[in-house]
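There are 2 protein chains.
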Amino acid sequence: MIAGKSNVSVCLSPMLSENYSLTDSKAVIIDILRATSCWVTALANGAVSVHPVSTLDECQNFMDSGYIGAAERQGKQVEGFDAGNSPFDFPAKKVIGKKIAATTTNGSRAIRGLMPAKEVIVGSFLNFSAVARYLENIENKLVLTCSGWEGGISLEDMIFAGAMLERLERYYMPSGDAAVICLELWKSAQPDIRTWLRRSSHVQRLLKLGLEKDVDYCFTMDLFNIVPVLAGDEIVIPNK
Amino acid sequence: MIAGKSNVSVCLSPMLSENYSLTDSKAVIIDILRATSCWVTALANGAVSVHPVSTLDECQNFMDSGYIGAAERQGKQVEGFDAGNSPFDFPAKKVIGKKIAATTTNGSRAIRGLMPAKEVIVGSFLNFSAVARYLENIENKLVLTCSGWEGGISLEDMIFAGAMLERLERYYMPSGDAAVICLELWKSAQPDIRTWLRRSSHVQRLLKLGLEKDVDYCFTMDLFNIVPVLAGDEIVIPNK
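Sequence lines, in order, name chains U and C. Going by numbering that gives the first Met the number 0, 153 is the number at position 154 of the first sequence; the sequence numbering is gapless. Going by numbering that gives the first Met the number 0, 54 is the number at position 55 of the second sequence; the sequence numbering is gapless.
Rather than coming from a laboratory, the hints here were simulated on the basis of the structure. No false leads were mixed into what you were given.
In silico DSS-like pairs for lysine-lysine, Cα to Cα no more than 25 angstroms straight-line:
(1) C/K207 / U/K4
(2) U/K239 / U/K93
(3) U/K93 / U/K212
(4) C/K212 / C/K75
(5) U/K207 / C/K4
(6) U/K75 / U/K98
(7) U/K75 / U/K97
(8) U/K186 / C/K186
(9) C/K4 / C/K186
Per the computed footprint, the stretches of chain U lying under chain C, defined by three or more beta-carbons under 8 angstroms from a beta-carbon of chain C, are:
(10) 8-14
(11) 151-160
(12) 175-184
(13) 197-210
Where is the CB? At the ideal position from N, CA and C, for every residue including glycine.
Using the sequences and the hints given, assemble the complete structure.
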């Protein structure tokens, strides 16, 4: 039995986050292509933590002190770093027991804007059901936060948000027009989500870079049963 | 015959406008509920011009110099002004031959961010086909700019954008995920757009204020055959 529902809203871009009262909310950070998919993969593969940083210099400094340095700009790995922003850059043999510093075009910056939230949870299709189950027990308001692309919006982040709103409908009440839209898009995208998402400009951009394998991987449901959260400056799997 | 298509993109909120290169584009300002619907109505009813201003003080100053002062905050007319933000506040007998200064929660502020554009055109359902025909002759890129609600997004502005994208598909190529979404929403909303739009939080807000008549009016297609544009600081019907 559910005594009462909490509100869930969707923030479509980090540039809109000031419209949301994060201090009394938990937030899910979403950057399906590809930051949150990478972080979830790296942690599932045995990395100790992921530290999102904004600049290449910061990333280099962490790398100099023993972190794996992951740096991406415009969809490509930046020269001189250990990894880019492909989930295939973080296999177990490379990341097990290691800390990672990561800077990407969108997701790494977006998560910093969420720091005022009560808790920040990392969401991707790869750990979709684990996140959904975790959220069932939360009594706070919830903001699903899409990282988008360079300040704009991203179809694939919104589809994730729509799927999560539907999954959580027994527990949370969707609030605001962005939530209505994400639910509607999620319905429109059935039954063939992968084909539907080909219309995303970010998907098109990655396909042009020859990254179809990454796109397919990032749209895979429930590969991992983990719920990474932000603890201080780093993303970790709690109690692990 | 159409030689080549220009790009059309959709900006979902004034807070996202810095992502768009306005200087080489024409822009349509959209605030269906209710600023652009009011401006179109006032000009169609014989007003000489509408001057959007940001603050109540500015509006008062214009009123002191003979303008009709229209001021709205949180959906309601501000005390002491001649009009609020209802299209029924601008009948011919009141506005004919007059200049209007208008400040509203969203639209009046949004239009100021569009000033760098080559031309700013005022769009509403009330003058939908007139605007569409006007845009057929434009060779510039086009940005359909939704005013939204307090920095967030608005379903009804996006439905207008989707309708316009569809109407202009022979002339313009939709660009970016926001355009994909608006087209998808416009399709979802068929055939009963008025019922579908009841999900908009802004519609709900106005209905709670007893403004059903305003909502119905603002969703009416093609009442007027005018294309208001921004000329300097004021919105006018050109060559009139």
